[in-house]
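Asker: For reference, the chains in residue letters:
2 protein chains.
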Amino acid sequence: MHPLDPLTPGEIAKVATIIKKDFQGKSLNFRVITLKEPPKSEMVSFLQAEHLNRASASCPARIARVQVNSRGESGSNELIEILVNIDSQSVIGTEHLIGKHSYIDSAYMQAVEKACRADPRIDAEIQKLKLPPGATVVIEAWAYATDGMNDMNERTTMCWFYMRLIDSADANYYAYPLELCAEVSEKLEVTKIYHLPSSEEETTREDAKPYDNCKIHSTEMSEYHPSLRPPPRTTTKPYQVIQPEGPSFQVDGNHISWEKWTMRVGFNYREGLTLHDIRYDGRNLFYRLSLSEMFVPYGDPRSPYPRKAAFDLGNDGAGINANNLQLGCDCLGLIKYFDGWHNTAAGEPLKLPNVVCCHEQDDGILWKHTNHRTQNVAVTRSRILVLQTIITVSNYEYIFAFHFSQDASIHYEVRATGILSTAPINIGDKVSCGTVVAPGVLAPYHQHLFSLRIDPAIDGTANSLQIEETKAMPVNDPVIHNPLGVGYTSESKIVTEEGGHDLDHTKNRSFKIINENHINPITGTPVGFKLLPCYSQLLLAHKDSYHARRSEFGQHAVWVTRYQDDELFSAGRHTMQSLGGEGIASAIEARKNEGASDVRNEDIVVWHTFGSTHNPRIEDWPVMPSEKMIVGLKPVNFFTGNPGLDVAVSTQEKNQSVLVGREGGSVAGSSPCCRL
Amino acid sequence: MHPLDPLTPGEIAKVATIIKKDFQGKSLNFRVITLKEPPKSEMVSFLQAEHLNRASASCPARIARVQVNSRGESGSNELIEILVNIDSQSVIGTEHLIGKHSYIDSAYMQAVEKACRADPRIDAEIQKLKLPPGATVVIEAWAYATDGMNDMNERTTMCWFYMRLIDSADANYYAYPLELCAEVSEKLEVTKIYHLPSSEEETTREDAKPYDNCKIHSTEMSEYHPSLRPPPRTTTKPYQVIQPEGPSFQVDGNHISWEKWTMRVGFNYREGLTLHDIRYDGRNLFYRLSLSEMFVPYGDPRSPYPRKAAFDLGNDGAGINANNLQLGCDCLGLIKYFDGWHNTAAGEPLKLPNVVCCHEQDDGILWKHTNHRTQNVAVTRSRILVLQTIITVSNYEYIFAFHFSQDASIHYEVRATGILSTAPINIGDKVSCGTVVAPGVLAPYHQHLFSLRIDPAIDGTANSLQIEETKAMPVNDPVIHNPLGVGYTSESKIVTEEGGHDLDHTKNRSFKIINENHINPITGTPVGFKLLPCYSQLLLAHKDSYHARRSEFGQHAVWVTRYQDDELFSAGRHTMQSLGGEGIASAIEARKNEGASDVRNEDIVVWHTFGSTHNPRIEDWPVMPSEKMIVGLKPVNFFTGNPGLDVAVSTQEKNQSVLVGREGGSVAGSSPCCRL
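For the record, the sequence lines run as chains A and B. Throughout, the numbering used here is defined as the position within the first sequence, counted from one, plus 23. Throughout, the numbering used here is defined as the position within the second sequence, counted from one, plus 23.
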């Protein structure tokens, strides 16, 4: 067992038993039983010993972080966080999280939908809609995004209404949004019924309007599921990946080694896939890489749409919503799967199978040069290692993948796909904050803002953030020699205080994580890794809005903080119905007041905010082609040369490509190889 | 024969014969015999008829554009452009290009190197360097970049000096830059000898300095060629792509059809790979896509380094320098190669074999959705068609690839690799415009600026450029309803005049090419395609510098012009020793004065400037890992839904992935498939 390994099923069961003993007689709903990662101070010395193949002086204790909903005698639902030392089998801490809400409970959400559907007032409203014959109403429960209009102490759920017209549970009900909406209380009572606006000028209406049958359209336009569609195109011929000698990676438990890289795979209910102790050729690069949060605010100002704003990690959980990945579908080639473990409401271990896949991909050419004097060619292909997880959050899916390259770079690729969340609109109307994607179907504008947490360990934990810009040299300067006006140079400064920074491609502004204590012997500069940012518009919501106050990380593209154990979430620990003031900006502000915000040559964390302002295209309907966003981390004067220089040159003998002849048929591959 | 097909070898030979007849008695050096593409006015009606399977009323004439260097009686070297009608076998135009220089002639450059090496003054200077025993001097001739210091009428060549210390023609001589440089005249005479600066403060020196033997370093640090390196890593296991039923594309001559896409491949000495008449599902998208120019200015202000600034298309030619691509090396899987045809100096056809490769790649997931109610999954993998060409320009290579996707998007990927062009530096010194990558080896800062020419035909030739920005709605506005401050909207304007524009990710500024005459029946907005730009710093050289005046396209990220036949080159037709005033900005200025610069609902061309400010890392040495730059074109409200919706869902039966077991070994793939 490694200190960074997620809790095993045995540990989960043991922790539940310990807690049940402690809370005897109380009705407990186990929301979380997860590893509390050891303090970094302990881990750094443990890892140091581990990599030197020495026994560690001490092994960090296995601690579980547990959240339970406990229904007290008063009937109130209390959220409690408990820390359990698994080794000593004892509760070592208890925190009553007053006014906080646990992440979304899918069993509860189903109960909300059921209660809403069963309410006679809802039924009466549905009758007033005069839906077409054969219509089945589908209710989709969403966590309530704070808009200041509601009591914040009780859990509130918003119910959005859709219908399907064909007799299949896989019908795309988002194609038929209804002008109905309800608010449901913690105790499963319908507390408010809304009639949604159906034009730009309208806000919430008092009265129901019958459904406009002109909105009924062909299944061809709205269905994505193959069982409900005409036969697919048949032109795409099979494409297979073969690795006759097996994969180039080795997996030992949660430890992966591949092409000079080593790392550990972690997984938890909230962040999903996490990566730990990432090294290249034995050199320390990153202590931890993880998605910290993502926020999806909708841009429709008409009430109750400001309540559509999802924290997909804090509210939903990237781990608990991770897909069970299938061979030949979600990855191609030789695939190693990792399972995750969560817990049931009763505290039993719950297996989340195949939540992470690990495989290799060819990535085109790594480097090439032809000596024009000799015509001799040297060309190597690039192989990458992919660690991928896919999550479904209601209508949307996100595909998260870390790509490791032989040149010691890392890329984090996010793909957004799935179905647009829709709203009703009158036939013939337009609104300024959405796209009509089918008759009567509005796909509202929204943003996807991701927060990538980069916990660096560039040749050790004492790191600095350096901001570099490239500038033209002045002309006609008395000191600087630039007579012909072509000179340019770079200027850099080291960030000394915690805070947020922005991108500027016009200045070639780049963010480097450097170790000032390690100077590259050739370049004479500190060793470093550079962030290749994803240029994105930041949060559009007004700074005083709840959206902005709740998602502080959306204010800046790059944040740097001083490392704190357990400071993992840039929108705060508890995002469900949060009120703001709990995110990264607030944490920085608090530490500034304490005088503990120095980040130069310290253990730092860098957070990158990126994403997309998603003003839907009709091409995103009825299911959206993947939209890719890519962030990179690349060595800059860290090594003493190209780290991929020793990758063998490509040969036809190994790659076995096949020549396609004049008529498109394939011809046996006996063609010459790279000229050496 | 299609009017857009490049000239055949037979046509090239025929054209040379016609011209030789016309220029009897003159010594001709045939630089170019290439297709002059037909006027668009003729082509549009031809293509319309072709796609309706009707005979065209008329077939555009086959016209060749020829450039010859003709040595006149006075011994002067005149550049002449001649147009030949191949059908009528007659010269139809002759233009004497006074003061212009043809692109780089490799035979001439070899003669320059030889003449320079043979000059006794050069030999004397080399003696003064007191090179270590066994040193072989290598001279690299570069086209002279105008710096205002030289007579512009004569062809001038710069010779840079290096050495190699081991007995192999594949040794990396860039590892040993010498402090010597020479200028050679058109008549192969050494006209100037420079001693290069070797520290920040120095400029050109009068006297030679002996070579500092401390600069001699291990081959391990400086050699990239596998024959000169220790054995490579052996951990990378073979990875093969199999398409048991053959490729999904069909090729007929230069016509490709693949997954609803159709297009024609073109190729010429200057632009290399060009694409024509690109359609999806029969709908017209782009008339022509091509790389228009690329500029690589170096940022070292010390003379003579301002003379290092290469127009890799206009000076060198992406076609003439295209690599002969090899099976199993430059592409993987089932590969179709296209040959190019050029001409010898004598006017004979010259085959450029395998200059373009065409193959398919798996590109991860195209779209996916899991219905969380039924747990039913639908997932499709994305297949892309890649058309790739690779060029070597002295030290650097560029990999240019168009990627076509099943969702009707196009991506243009550029990878920069190869070897850094180096300069000498004293041991222990630093300069502000370069990185020391090995002892005594400076890799100067430089930029790579690409100009992608997009000639759209979005549902026809009458197109407009629309600039859209996304903005927060005001709060507390008397008219706009945005009480909670979360609303946002997009605003767009249509560009009416030719000109240049810049990127701004903070405003989500996007550039759409739309057809205002075709309104999407569902969204109610004009059909369009959107540019996904590559955010890059623009040209750093001062606007009055020769660099800036010669590379006008580097001033702005997006240009729009009115289509003109033959206006293909954003830095002008003739870039060799150009003086400025011939690029896109000048063309726009001229038309503004003529009142012919309206671009709304006209036949327009959009040009995207992108690239990298390449301040070298030591990891780019001795051969640079590919640096990727990607530009995209994506439908926006062009179709009536996801164009990739009919791609079949993935199945293990077709994809044949293999499960990797607990110990890393592979296990037979009998795992379940996607749940339908």
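Just so you know, not all the hints are guaranteed correct.
Claimed, not checked - In silico DSBU-like pairs for lysine-lysine, Cα to Cα no more than 30 angstroms straight-line:
| id | chain 1 | residue 1 | chain 2 | residue 2 |
| --- | --- | --- | --- | --- |
| 1 | B | K43 | A | K283 |
| 2 | A | K63 | A | K49 |
| 3 | B | K43 | A | K651 |
| 4 | A | K530 | B | K677 |
| 5 | A | K677 | B | K374 |
| 6 | B | K453 | A | K651 |
| 7 | B | K615 | A | K516 |
| 8 | B | K43 | B | K374 |
| 9 | A | K63 | A | K615 |
| 10 | A | K566 | B | K374 |
| 11 | B | K43 | A | K530 |
| 12 | A | K260 | B | K260 |
| 13 | A | K283 | B | K260 |
| 14 | A | K516 | B | K43 |
| 15 | A | K677 | B | K260 |
| 16 | B | K374 | A | K516 |
| 17 | A | K453 | B | K516 |
| 18 | A | K123 | A | K37 |
| 19 | B | K530 | A | K494 |
| 20 | A | K49 | A | K137 |
| 21 | B | K453 | A | K516 |
Unchecked claim - If the Cβ cut is set under 7 angstroms, some of the chain B residues that face chain A in the computed set are:
| id | residue |
| --- | --- |
| 22 | N236 |
| 23 | C237 |
| 24 | I265 |
| 25 | P270 |
| 26 | S515 |
| 27 | Q679 |
Source of the hints: derived by calculation from the structure; they are not laboratory data. Quick reminder that beta carbons are idealized off the backbone N, C-alpha and C, glycines included.
Asker: Now tell me, hint by hint, if it's right for this structure.
Answerer: Going down the list of hints, with the structure as the test:
1. Taken as a hint, the K43 of chain B and K283 of chain A pair is broken in the structure, with Cα atoms around 61 angstroms apart against an allowance of 30 angstroms.
2. As the CA atoms of K63 of chain A and K49 of chain A are separated by approximately 35 angstroms, the hinted pair breaks the 30 angstroms bound.
3. Between K43 of chain B and K651 of chain A the CA atoms are separated by roughly 55 angstroms; this puts the pair beyond 30 angstroms, and the hint is violated.
4. With a C-alpha separation of about 48 angstroms, the suggested pair K530 of chain A and K677 of chain B falls outside the 30 angstroms cut-off, and the hint is violated.
5. Our distance criterion of 30 angstroms between C-alpha atoms is met by K677 of chain A and K374 of chain B, whose separation comes to about 29 angstroms.
6. Simply put, K453 of chain B and K651 of chain A have alpha-carbon atoms about 40 angstroms apart, too far for the 30 angstroms limit, and the pair is violated.
7. Only pairs whose Cα atoms come within 30 angstroms are accepted, and K615 of chain B paired with K516 of chain A is rejected, the gap being roughly 44 angstroms.
8. Proposed proximity of K43 of chain B and K374 of chain B is supported: the alpha carbons are some 21 angstroms apart, at most 30 angstroms.
9. The straight-line distance between the Cα atoms of K63 of chain A and K615 of chain A is roughly 22 angstroms, inside the 30 angstroms bound, and the hint therefore holds.
10. For the suggested pair K566 of chain A and K374 of chain B, the alpha carbons sit about 63 angstroms apart, so the restraint of at most 30 angstroms is broken.
11. The hinted pair formed by K43 of chain B and K530 of chain A fails the criterion: a straight-line CA distance of about 53 angstroms is larger than 30 angstroms.
12. Distance restraint check for K260 of chain A and K260 of chain B: the Cα-Cα separation of roughly 26 angstroms lies within the 30 angstroms cut-off, and the hinted pair is therefore satisfied.
13. Between K283 of chain A and K260 of chain B the alpha-carbon distance is near 14 angstroms, which keeps this suggested pair within the 30 angstroms criterion.
14. As the CA atoms of K516 of chain A and K43 of chain B are separated by approximately 64 angstroms, the hinted pair breaks the 30 angstroms bound.
15. About 9 angstroms separates the Cα atoms of K677 of chain A and K260 of chain B, which keeps this hinted pair within 30 angstroms; it holds.
16. With a C-alpha separation of about 53 angstroms, the suggested pairing of K374 of chain B with K516 of chain A is violated against the 30 angstroms cut-off.
17. Proposed proximity of K453 of chain A and K516 of chain B is supported: the alpha carbons are some 18 angstroms apart, at most 30 angstroms.
18. Distance check on the hinted pair: K123 of chain A and K37 of chain A sit about 26 angstroms apart at the alpha-carbon level, within 30 angstroms; holds.
19. Annotation: proposed proximity of K530 of chain B to K494 of chain A holds, straight-line Cα distance about 24 angstroms (limit 30 angstroms).
20. Between K49 of chain A and K137 of chain A, the direct Cα distance comes to roughly 26 angstroms. Compliance with the 30 angstroms bound is thereby established for this hinted pair.
21. For the given pair, K453 of chain B sits about 18 angstroms from K516 of chain A by alpha-carbon distance, which is consistent with the 30 angstroms threshold.
22. With its C-beta approaching chain A no nearer than about 17 angstroms, N236 of chain B sits outside the 7 angstroms limit, and its interface hint is violated.
23. Taken as an interface hint, C237 of chain B does not check out: its beta carbon lies about 13 angstroms from the nearest beta carbon of chain A, beyond 7 angstroms.
24. Among the interface hints, the one on I265 of chain B holds; its C-beta lies about 5 angstroms from the nearest C-beta in chain A, closer than the 7 angstroms criterion.
25. With a least beta-carbon distance of about 6 angstroms to chain A, the hint placing P270 of chain B at the interface is held under the 7 angstroms criterion.
26. Because the smallest distance between the Cβ of S515 of chain B and any Cβ of chain A comes to about 11 angstroms, over 7 angstroms, the interface hint for this residue is violated.
27. For Q679 of chain B, the suggested interface contact is upheld, since its CB lies about 5 angstroms from the closest CB of chain A, less than 7 angstroms.
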